[in-house]
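Read top to bottom, the protein sequences are chains B and R.
Positions 1 to 115 (our numbering) are the ones given, in order, by the first sequence.
Positions 1 to 112 (our numbering) are the ones given, in order, by the second sequence.
Don't take each hint at face value.
[To be verified] Here are the simulated DSBU-like cross-link-like pairs (lysine-lysine), alpha carbons at most 30 Å apart as the crow flies:
1) B:Lys71 <-> B:Lys5
2) B:Lys71 <-> B:Lys56
3) R:Lys26 <-> B:Lys56
4) R:Lys13 <-> R:Lys26
5) R:Lys26 <-> B:Lys54
6) R:Lys13 <-> B:Lys68
7) B:Lys54 <-> B:Lys5
Hints in this document: simulated from the structure, not taken from any laboratory.
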Amino acid sequence: DQQVKQNSPSLSVQEGRISILNCDYTNSMFDYFLWYKKYPAEGPTFLISISSIKDKNEDGRFTVFLNKSAKHLSLHIVPSQPGDSAVYFCAASAFLRTGANNLFFGTGTRLTVIP
Amino acid sequence: DAGVTQSPTHLIKTRGQQVTLRCSPKSGHDTVSWYQQALGQGPQFIFQYYEEEERQRGNFPDRFSGHQFPNYSSELNVNALLLGDSALYLCASSYNRVAEQYFGPGTRLTVT
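I would like the entire structure built from these sequences, with the hints used as guidance.
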C-alpha cells in the first residue's frame with residue numbers, strides 16, 4: 001500500500017521557467033513532509049521540508065506548498081536551471097511516541113530542465 | 001564537515017551468503033536509519049537505531065539485522081541472501097526527534 005504517491009514519472013521544463021512537482025499522500029498522521037533530489041550513483045540530497053502545521057515553506061528558489069485537506073503537496077522551483085535536472089522524491093514522516101520516525105517515499109519524478 | 005559515509009560502494013555476493021554494510025553518520029547526528037531502494041522505486045525503510053538500540057522496524061524479515069556502536073556508526077547485516085535482496089542500500093542519519101534525514105551515497109549490492 002503506497003502511502004505517498006508521485007503520479008508523474010517525468011517532467012520537462014525550459015530553463016528559467018517554473019517547475020512544479022506534485023505529491024499526494026493518504027495517511028493523515030504524517031507530521032512532516034520532505035523533498036529530496038537524487039542524481040545517479042548518489043544518495044538522496046535533502047532539499048526542503050514542511051511541518052504539517054504550515055502551508056508554505058520557502059528556501060531560495062525552492063518553495064513547498066502543503067494542502068492538508070487535499071492531502072497534497074507540491075514543490076516549486078523558480079527559476080529552473082539545468083543543474084536541477086535529477087529525480088525528485090517526496091517523503092513523509094510520522095513520529096512515534098518513542099521518538100522514532102521513518103520516511104515513506106514516493107516513486108520519484110524525473111525532472112529535465114532544457115537549456 | 002564530513003557527511004554520511006558508507007562502505008563498501010559496491011558488493012557482489014552469491015545467493016545464501018551473508019553481507020555486512022557499514023555507515024558513519026554526519027557529525028553530531030545520533031540516529032541512524034537504513035533504507036533499501038530497488039530500481040525505479042523510492043527508498044523503503046528497514047530500521048532505525050538510536051542509543052545502540054533498534055527502536056523502529058519496517059516490513060523486512062529477520063534476515064535483516066543491524067547494530068549501532070557507541071560512536072553512533074552502524075552496520076546492516078543481511079543473512080541468507082536472496083536474488084531479490086539486490087538493491088541500493090542507503091544509510092541516513094539525523095538528530096534524535098528531528099524529521100530531516102541526511103543520506104549517504106549508498107552501497108550497491110548485487111546477489112547472483
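How the hints compare with the structure:
At most 30 Å may separate the alpha-carbon atoms for a hinted pair to count; Lys71 of chain B and Lys5 of chain B meet this at roughly 11 Å. This hinted pair checks out: Lys71 of chain B and Lys56 of chain B have alpha carbons roughly 14 Å apart, not beyond 30 Å. Proposed proximity of Lys26 of chain R and Lys56 of chain B is supported: the alpha carbons are some 28 Å apart, at most 30 Å. Among the hinted pairs, Lys13 of chain R with Lys26 of chain R is consistent with the structure: their alpha-carbon atoms are about 28 Å apart, no more than 30 Å.
Restraint check: the Cα-Cα separation between Lys26 of chain R and Lys54 of chain B comes to about 28 Å, which is no more than 30 Å; the hinted pair holds. Distance restraint check for Lys13 of chain R and Lys68 of chain B: the Cα-Cα separation of roughly 45 Å exceeds the 30 Å cut-off, and the hinted pair is therefore not satisfied. Under the criterion of a C-alpha separation no larger than 30 Å, the hint pairing Lys54 of chain B with Lys5 of chain B is consistent with the structure, at around 20 Å.
Figure legend: structure checked against the earlier numbered hints; the only hint not met is number 6.
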